[in-house]
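**Q** Protein chains in written order, with full-length UniProt numbering: chain Y, 1 to 84; chain P, 1 to 84; chain H, 1 to 84; chain B, 1 to 93; chain G, 1 to 93; chain V, 1 to 93.
Among these hints, one or two may not hold up.
Below, computed lysine-lysine pairings styled on DSSO-like, alpha-carbon distance capped at 30 Å [as the list claims (entries may be wrong)]:
1. Y:35 <-> H:40
2. P:47 <-> P:35
3. Y:35 <-> G:73
4. V:17 <-> Y:40
Anything over 12 Å on all C-beta distances counts as not near chain P; from chain G, calculated [said to hold, decoys possible]:
5. 38
6. 50
7. 64
8. 80
9. 83
10. 85
11. 88
In short, the hints are calculated from the structure, not lab data.
Model, not experiment: these values are computed from the prediction.
Ideal Cβ positions, reconstructed from N, Cα and C, are used throughout, including at glycine.
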Amino acid sequence: MAAKNGSTTIEKEQIFGMAEQEMEYRVDLFNRLTKICFDKCIDKRYKESELNMGENSCIDRCVSKYWQVTNLIGQLLGSNRPPM
Amino acid sequence: MAAKNGSTTIEKEQIFGMAEQEMEYRVDLFNRLTKICFDKCIDKRYKESELNMGENSCIDRCVSKYWQVTNLIGQLLGSNRPPM
Amino acid sequence: MAAKNGSTTIEKEQIFGMAEQEMEYRVDLFNRLTKICFDKCIDKRYKESELNMGENSCIDRCVSKYWQVTNLIGQLLGSNRPPM
Amino acid sequence: MDKSMLGDLDSLPEEDKIRMSAMIDQLQIRDSLRMYNSLVERCFSDCVDNFRRKSLDKQEETCVRRCAEKFLKHSMRVGMRFAELNQGAATQD
Amino acid sequence: MDKSMLGDLDSLPEEDKIRMSAMIDQLQIRDSLRMYNSLVERCFSDCVDNFRRKSLDKQEETCVRRCAEKFLKHSMRVGMRFAELNQGAATQD
Amino acid sequence: MDKSMLGDLDSLPEEDKIRMSAMIDQLQIRDSLRMYNSLVERCFSDCVDNFRRKSLDKQEETCVRRCAEKFLKHSMRVGMRFAELNQGAATQD
Chain Y
1 MAAKNGSTTI EKEQIFGMAE QEMEYRVDLF NRLTKICFDK CIDKRYKESE
51 LNMGENSCID RCVSKYWQVT NLIGQLLGSN RPPM
Chain P
1 MAAKNGSTTI EKEQIFGMAE QEMEYRVDLF NRLTKICFDK CIDKRYKESE
51 LNMGENSCID RCVSKYWQVT NLIGQLLGSN RPPM
Chain H
1 MAAKNGSTTI EKEQIFGMAE QEMEYRVDLF NRLTKICFDK CIDKRYKESE
51 LNMGENSCID RCVSKYWQVT NLIGQLLGSN RPPM
Chain B
1 MDKSMLGDLD SLPEEDKIRM SAMIDQLQIR DSLRMYNSLV ERCFSDCVDN
51 FRRKSLDKQE ETCVRRCAEK FLKHSMRVGM RFAELNQGAA TQD
Chain G
1 MDKSMLGDLD SLPEEDKIRM SAMIDQLQIR DSLRMYNSLV ERCFSDCVDN
51 FRRKSLDKQE ETCVRRCAEK FLKHSMRVGM RFAELNQGAA TQD
Chain V
1 MDKSMLGDLD SLPEEDKIRM SAMIDQLQIR DSLRMYNSLV ERCFSDCVDN
51 FRRKSLDKQE ETCVRRCAEK FLKHSMRVGM RFAELNQGAA TQD
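Generate coordinates for the entire structure from the input sequences, incorporating the hints supplied.
**A** Now the structure itself:
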């Protein structure tokens with residue numbers, strides 16, 4: 001649009017493409033984290049719709065450990081930037 | 001393309017984007033429904049390639065119940081429009 | 001961009017769209033293959049970080065059999081072109 | 001995926017109709033490629049569990065064929081029921 | 001998904017800000033539609049296992065409601081913890 | 001994902017070649033981000049099952065490292081075999 005020539009347009013597309021991928025990455029991370037901590041922490045008999053105390057503290061620790069695994073594997077993959 | 005200025009182009013993109021997401025939503029719904037009813041209804045020993053009578057009626061009820069769950073959760077989420 | 005009219009632009013978009021889908025297809029195939037052969041062949045107790053001999057030969061045969069299943073189902077679906 | 005699932009195009013201006021139609025075509029191709037991949041994954045997963053040889057044996061091949069055919073029939077039936085519900089057909093026991 | 005998760009837009013020129021904002025809106029809509037589908041899939045999978053009738057019985061309906069409510073509360077809590085970690089809050093035992 | 005998997009670009013005009021190459025780059029970045037997320041998900045799932053503390057213990061950390069390293073080696077081997085099949089190498093028992 002506001003670009004002066006074809007090459008700049010492609011550069012701009014790449015910047016927007018990168019931003020989009022960054023966002024998709026975070027959404028994907030959040031969704032996987034949410035799913036796996038639900039699987040690990042929540043009683044599937046659904047006797048009530050509230051989270052009980054045990055579930056709540058399990059969730060907090062699950063998120064914290066998932067975060068650490070993300071960082072640990074990020075280091076192994078040799079990425080210099082933090083995973084978010 | 002046929003838009004008079006940048007803002008209108010963006011509006012048009014949004015309309016196409018919305019239509020695309022609506023379609024992706026329906027395809028995603030259909031694929032999940034198909035997968036889960038196969039898992040719930042079909043004998044995985046694959047003794048024949050035909051669906052037998054029990055499988056057929058299980059499929060019909062599975063689709064019907066899945067539809068009801070979609071509507072029920074749609075109501076809980078407070079969306080006013082029907083899920084399809 | 002270099003297209004002479006709207007219709008040609010759409011044609012060009014379709015060609016790029018097709019190429020993109022072809023690539024997404026191959027990436028999707030590779031990722032599913034990798035995941036399923038890991039599930040079928042790898043000991044999840046992770047006693048070491050190396051692949052042992054049994055795992056290595058299981059992987060090779062798994063990839064080979066997955067390929068054959070891809071071709072077999074490709075034939076059933078009546079596609080004339082090879083799956084890759 | 002049936003094109004009719006994806007709504008009415010008649011109300012659009014010609015140019016947008018072409019673009020919308022192209023978008024639907026792309027979605028259908030993408031969906032059918034993913035379906036192909038997921039069918040292979042499912043039937044491989046259900047039918048192949050022995051990695052002592054490099055080639056499928058007869059039993060595995062038969063299993064894969066039946067699995068794929070059964071899945072396709074299943075998918076068609078689900079599609080029919082799904083279309084009925086989309087058209088607001090009454091559903092009683 | 002919280003919009004603040006997706007980074008800072010203030011440094012961009014006006015035109016790009018509009019476009020970036022539209023992109024974020026689209027991602028949020030897509031994410032919420034997928035979340036809806038995955039919630040239905042999960043609660044159906046966990047709560048419905050009997051296909052002798054065409055309609056949900058009371059017990060299944062109750063199960064689905066609790067499952068969905070529980071998942072949404074869970075998701076909010078994960079979102080809060082996730083945001084804290086994103087902001088670099090210290091995490092000790 | 002190896003760039004050579006994605007076909008031949010030499011026959012395209014220069015402008016399209018640039019665009020196609022940018023598209024491939026984007027796909028590779030997207031694929032590697034998804035791979036990262038799925039690797040974390042897998043190794044977390046296989047190695048972490050105890051939520052009595054907020055931090056990984058030594059055993060969990062070792063398990064995660066081995067899981068990730070093993071998966072990466074696995075993935076490279078699959079990539080090699082996959083490339084051979086793509087090039088039409090004969091496959092006999």
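**Q** Now tell me if each hint is right for this structure.
**A** Here is how each hint holds up against the structure:
no.	hint	result
1	Y:35 <-> H:40	holds, 23 Å
2	P:47 <-> P:35	holds, 19 Å
3	Y:35 <-> G:73	holds, 13 Å
4	V:17 <-> Y:40	violated, 47 Å
5	38	violated, 8 Å
6	50	violated, 9 Å
7	64	violated, 5 Å
8	80	holds, 20 Å
9	83	holds, 22 Å
10	85	holds, 27 Å
11	88	holds, 32 Å
Checked against the numbered hints given earlier, this structure breaks hints 4, 5, 6, 7; the rest are met.
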